[in-house]
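K.L.:
Start counting the sequence shown at 1; every next residue gets the next number (the UniProt record's numbering).
Hints are computed from structural coordinates only; laboratory data are not their basis.
Please read all numbers here as calculations on a predicted model, not as lab measurements.
The beta-carbon is built from N, C-alpha and C at its ideal position, and this holds for glycine as well.
Among the hints, a few may not be true.
Unchecked claim - Pair ranges (Cβ atoms, derived):
no.: 1; residue 1: Gly-45; residue 2: Ala-88; range: 38 to 46 Å
no.: 2; residue 1: Arg-51; residue 2: Arg-170; range: 12 to 20 Å
no.: 3; residue 1: Pro-77; residue 2: Leu-225; range: 27 to 35 Å
no.: 4; residue 1: Pro-244; residue 2: Arg-51; range: 34 to 42 Å
no.: 5; residue 1: Arg-15; residue 2: Gly-151; range: 28 to 36 Å
no.: 6; residue 1: Leu-195; residue 2: Gly-144; range: 14 to 22 Å
no.: 7; residue 1: Arg-15; residue 2: Leu-225; range: 27 to 35 Å
no.: 8; residue 1: Ala-3; residue 2: Asp-235; range: 22 to 30 Å
no.: 9; residue 1: Ser-171; residue 2: Cys-135; range: 49 to 57 Å
no.: 10; residue 1: Met-1; residue 2: Arg-254; range: 37 to 45 Å
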Amino acid sequence: MLARQRQERILEEVRAHGGARVSDLVSALGVSEMTVRRDITILAGRGLVARVHGGATALSARAEEPGFSAKSQMALPQKEAIARAAAALVAPGSSVAISAGTTTHAVASALVDTPGLTVVTNSLPVAQVLHEAWCAPDGSSLSGGSVVLTGGERTPSDALVGPVAVAALRSLHVDTLLLGVHGVDAQAGLTTPNLVEGETNRALVAAARHVVVVADSSKWHVVGLAGIAALEDVDVLVTDDGLPQAARDLLAARVGRLVVAERAAALG
């Protein structure tokens, strides 16, 4: 396939889905990761796409990273496997905080059949999926579950952040936090590119007795602008089987527990 043809395919994928991940393009085009990254650089230089970590997105003046819709189309098998593994860690009848993000949204979808949960979230999509599953048309509860949505300023990733969200979270105490992150790094720990979202995520961590991080393997060695927590603050880190063995060994020694979800499990 000629370079021009590859670039047209990449552009079609970005326009169709709002974004495309390098790993998916490598498989679809049958070329190396270096070739895909070079093609994305060329397209970005021509003003046709925006380069982001792990791929490309449609141009947007609003965000430093893809919005919720674009990110929700990426790494679907990984997110589904992680969601099932993370949901299995949540006890019926417990209180749970769920941060914003597409992986945490997948976890919320996997939690709809867990009875009696009280969920605190700063994610509009998470609140919506749980509300639709748990609330009858007359407003009564179908499962004994309830959702508390923090206030705050809305980001392109549909998170509610800022002083209002932080103030609400500081008065709460939950059993478990399910935290999505932009990056996981040996030195920087857990990070996000959004300073205000970083502050809100730190408040979520402080409100939880147990911190469960859900992050697919592409997040490894990614460092965002704002720090959230150190690896040692993580009780459980749930990732997928694409994580290299060296990274698994390092994380297993630093976090309380490492759970590697097999992608095949999401298909069975």
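K.L.:
Going back to the hint list, which numbers does this structure go against?
P.N.:
2, 4, 6, 8 and 9
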